[in-house]
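K.L.:
Order-wise, the sequence lines are chains Y and G. Per the working numbering, residue 626 is the first one in the first sequence, and the count goes up by one each step. Per the working numbering, residue 3 is the first one in the second sequence, and the count goes up by one each step.
Derived from the structure by calculation, the hints contain no laboratory data. Every clue listed holds true.
Straight-line distance between alpha carbons at most 20 Å, and here's what the computed SDA-like set of lysine to any residue pairs gives:
no., chain 1, residue 1, chain 2, residue 2
1, G, Lys4, Y, Glu882
2, Y, Lys755, Y, Glu643
3, G, Lys4, Y, Thr817
4, G, Lys4, Y, Ala879
5, G, Lys4, Y, Pro797
6, G, Lys4, Y, Glu875
7, G, Lys247, G, Leu193
8, Y, Lys755, Y, Leu631
9, Y, Lys755, Y, Phe766
10, G, Lys4, Y, Phe883
11, G, Lys247, G, Gly31
12, G, Lys247, G, Ala192
Chain G is faced by these chain Y residues, among others (derived, beta-carbon under 7 Å):
no., residue
13, Ala879
14, Pro941
15, Tyr942
16, Ala944
As the structure is a computational prediction, the values presented were derived from the model and not from experiment. C-beta atoms are modelled at their ideal positions from N, C-alpha and C, and glycine is treated no differently.
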Amino acid sequence: MEEQILLAHGSGGVLTHELIRDVFVRHFSNPWLDDLGDAAVLAALPPGRLALTTDSYVVQPLFFPGGDIGKLAVCGTVNDLAVAGARPLYLTAGFILEEGLPLETLTRVVVSMAETARAAGVAIVTGDTKVVEHGAADGLFINTAGVGIVPPGVALGPARLQPGDALLINGPVGDHGLAVMLQREGLRFQSTLQSDVAPLHGLIAALLDAVPGQVRCLRDATRGGLASVLNEWVSQIGIEIEEAAIPVREEVRAACEFLGLDPLYVANEGKVVVAVAAEAVDAALSVLRAHPLGRDAARIGRVTSEHAGRVVLRTPYGARRIIPMLTGAPLPRIC
Amino acid sequence: MKYIDEFRDPALARNVIAQIQHDAAARGGARPIRLMEFCGGHTHAISRFGLRELLAPAIELRSGPGCPVCVTASADLDRAIALADAPGVILATFGDMVRVPGSAGTLYDARGRGADVRIVYSPLDALEIARRNPQRPVVFLGVGFETTAPGIAAALLQAEAEALPNFSVLSLHKLTPPAMRAILDAGEVALDGIIGPGHVSAVSGSAAWDFLPREYAIPCAVAGFEPLDILSAIGALVQAVVEGKPAVINTYARGVRPEGNRVAQQLLAQVFAVGPADWRGFGAIPASGLALCETFAHRNAALRFPVAVTPAREPPGCRCGDVLRGVIAPPECALFRRVCSPRNPTGPCMVSAEGACAAYFQFERLDVETFERSNVSTGA
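Build the full structure now, drawing on both the sequences and the hints.
P.N.:
What follows is the structure in structure tokens.
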């Protein structure tokens, strides 16, 4: 096999077939993909409502502490399904490869995707590959779409938020964005910081089981960070959060100070914001903390009928400030 | 975070605030004690930590001209943009600079039409660009006060040492004390004390502000950038005001010495010559600019690449000049938040991370709303 991606790998000819067989099918192997049909024909789905999502991944660098673009592409889509209350079942994977990409790089990414999908219990059932001229893409872009089932009885969304609801998060914010940013050239930082990229559906399923009917809304705090998620929720209600209660790692705080960033706006790939009825807070927190991905879960604020449409942060000094939507920050590609 | 959390202790901060309010109440007076924080870094910290809300109504904090990007005159910016548009030129500068509107567009717009504008974190990065592109002229657009100028001087000396012929500097550097004088001489705003810039003073020394108590009978407290730094400076100023004993008080002793940083001062003296400079909102201020001295004329981009610029136009309705002179607070500008926002900035104070309008917009919208409501109710 060639050692790097050539335009011919996308031509549909011999090289395309070799690539599909020796890289994609070999690592993603499952009954639907191994068929090599034009579409994966799935068995009847379990009862519930169908959830469908898609996302594209263009992170640079492709490999970063704690993960890589492949792991990100699986976790991101699994998490988008999970926060809708769905059990993720199947994924698709589309690759846009830049001519000259080392085959070894692609293989590492595919192996990582396969391992992540296997661990998450989802199958990558169909896919696509295109190759573009050198310079027309940045190494490798991935699109994944996902299908899941929202079990009967589960209904989540910002419209269900009520004054008095508690807001929780499953751990410290800002790890992913900073871990990726610190890898980029020009910022010569040394750090042991790791991306938090992880599939959250197990944690979320445990939460939904533990406090049935009490979880109002879930959102993974990816691009734009915690601040953006909360701003997406406040059309009808207001939100108040406590700065001192929001978990942020020491390294993240320090790097943010240095770079002039606010950790509330930095991306995460393994953090879910949970709105839960006030009476279910303790049960929800203990089930989150019992899960490996929620050990540092914390209660960070509440939904209020005051200042509808605004997210307000209370500082440790007792002052309040509005946390607005992010307005075009010059951040590098992080997801 | 070590060396930071100690200066953010909420309990201690509450004590200092209570003391400040107690002292200010003892003074009485018809209006609040009005202090100017010269430095945009202080404005940002005051907004971010909500100190303005906690100190009101006894203390009023007014932002000053200490944002280098904001005080860059439109004509200077126009010249930089024309230079970036010149064929072959690579123009390197700090990130905030590229989004500041000149008479017709920004450096960012110039990049959109093909100019090679690069954002760097340090002048040494610009030097590296010059090394890698020996065939092309690399111009570093230098903006900043006493704080950033020594780094640029060092980069320039490094270019000399390496005999890099393609590296030059368009120096728009400015000195802070003359602007402070200009504000006090103009008498447009009554000030009771000055929160002195911490990092500027680390270079120039706290003694650079001795003229404030001596000539203007006004106290100055040089401050660091953490909440307790700023609060203790405010506490010291309030005490000086109450006792009627103006002085320069250095509350940032861990970073600032009376004589400043001699090495940095020598670098400045070696590379720059003090001359007049144009400040947005002020016009020309004598002896307030750092131009490259004669010895480095061959690295002076203004001389090497003379470009024609038409007279500058200020954006209509923009009151950045009044904000920079401390005459108004950002919400008093009619464009603030209605037309002008970080997404669509009309003037530079809404662009720069250190700009007063951006700080108010980003962090103080609750206060702003209160302000607007009170304005409506009094018909002001």
